[in-house]
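Produce the complete structure using the sequences and hints provided.
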Amino acid sequence: MGEKTGYKKLPIREVARETGLSPYVIRAWEKRYAVVEPVRTHSNQRLYTEAHVERLSLLKEATDHGQKISLIANLSNQDIQELISASRKGEEVLTRFSPGQTKRETEIINPQISPDTEGYIQQALEAIRNLDNQRLEDILIRAAVELSRPRLLEEVITPLMDQVGNGWREGTIRISSEHMASEVVRSFLATIKSRSRTRHRTGPSIVIATPSGQYHCIGAFSIAVTAESEGWQTNYLGADLPAIDIIQAVTKNDSRAVALSITYPPDDPKLSQELQTLRAGLPPKTEILIGGKSAYAYDEAIRGARALHLTSLKSFREALRDIRSSEEIEF
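Mapping to my numbering: the sequence shown position 149 is 953, numbers consecutive.
Worth flagging that the hints you see were computed from the coordinates, not collected in a lab.
Values in this document were obtained by computation on a predicted structure and should not be read as measured data.
Possibly wrong hints are sitting among the right ones.
Said to hold, decoys possible - Computed spacing ranges between beta-carbons, pair by pair:
id	residue 1	residue 2	range
1	T845	R1107	23 to 29 Å
2	R844	S1129	19 to 25 Å
3	Q938	D883	46 to 52 Å
4	E841	K872	48 to 54 Å
Every residue gets a Cβ at the ideal spot worked out from N, C-alpha and C, and that includes glycine.
This is the structure in structure tokens:
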């Protein structure tokens, strides 16, 4: 790949701190996609150059912006940086590969919801403004029948609740309508989750919650439904959970990961300490996955907790798969 040699060599734990990737994800990416080739010592310890750290950091940032590691693993650092730059400008980048070719073709478009899902959102918003909970439930059920689970969550539920939250803050949606929408959607997601729960009794365990001071739980519920669909055993704890309670749940369930949703507010001064407490109390093997509309505002605290900042349910699914695949790797 034309990487610089570099004099400084780092063990995998230091690389994890530098990049924000866990050792398990780094190893999984090495095995599945050969993103870097670490140097091996006589004792078979992995050592990484500064060029490796740079490349892993770029790949981490690109996947945080929704890119699939399987599609970008073979790109040059310059190409990956172009994808990141486009994402920062609010553009959606579609990366495609032609069979048998390594040349990348990119197409930059304005992000938009597909027309069929936009119809569900507009009908749901009308029902919410009219306080018609039965119609809202009927619309969600129809969407669940016609759309795949990922599309339902990513293209209907998430943007719908984002618009409801924005409307409430801007004064265009009444607080009563916001409360009604939250309760209907929460109940709807709980029903979906209960139907899939019995299918996965042997998968890895994940604890899901919103941290202390975060009271909006729809994002966490969506994460729980997604994890269930990926074969994980979910332990959903609800909203406003102190770090110590999350740690206890992880210990009791021997959980492989913790997922937190951070939606509102974006400026809680206590959240950074909560994340530090959580990281200090968890086993090193336990991954912390953090997403939600306001997670970006706590980016420094997330890095300090050696957590993964995930910007979409799509990237959350990919992270879950990487964690599971890393368990199959012999160290």
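Contradicted hints - numbers only: Violated: hint 4 alone.
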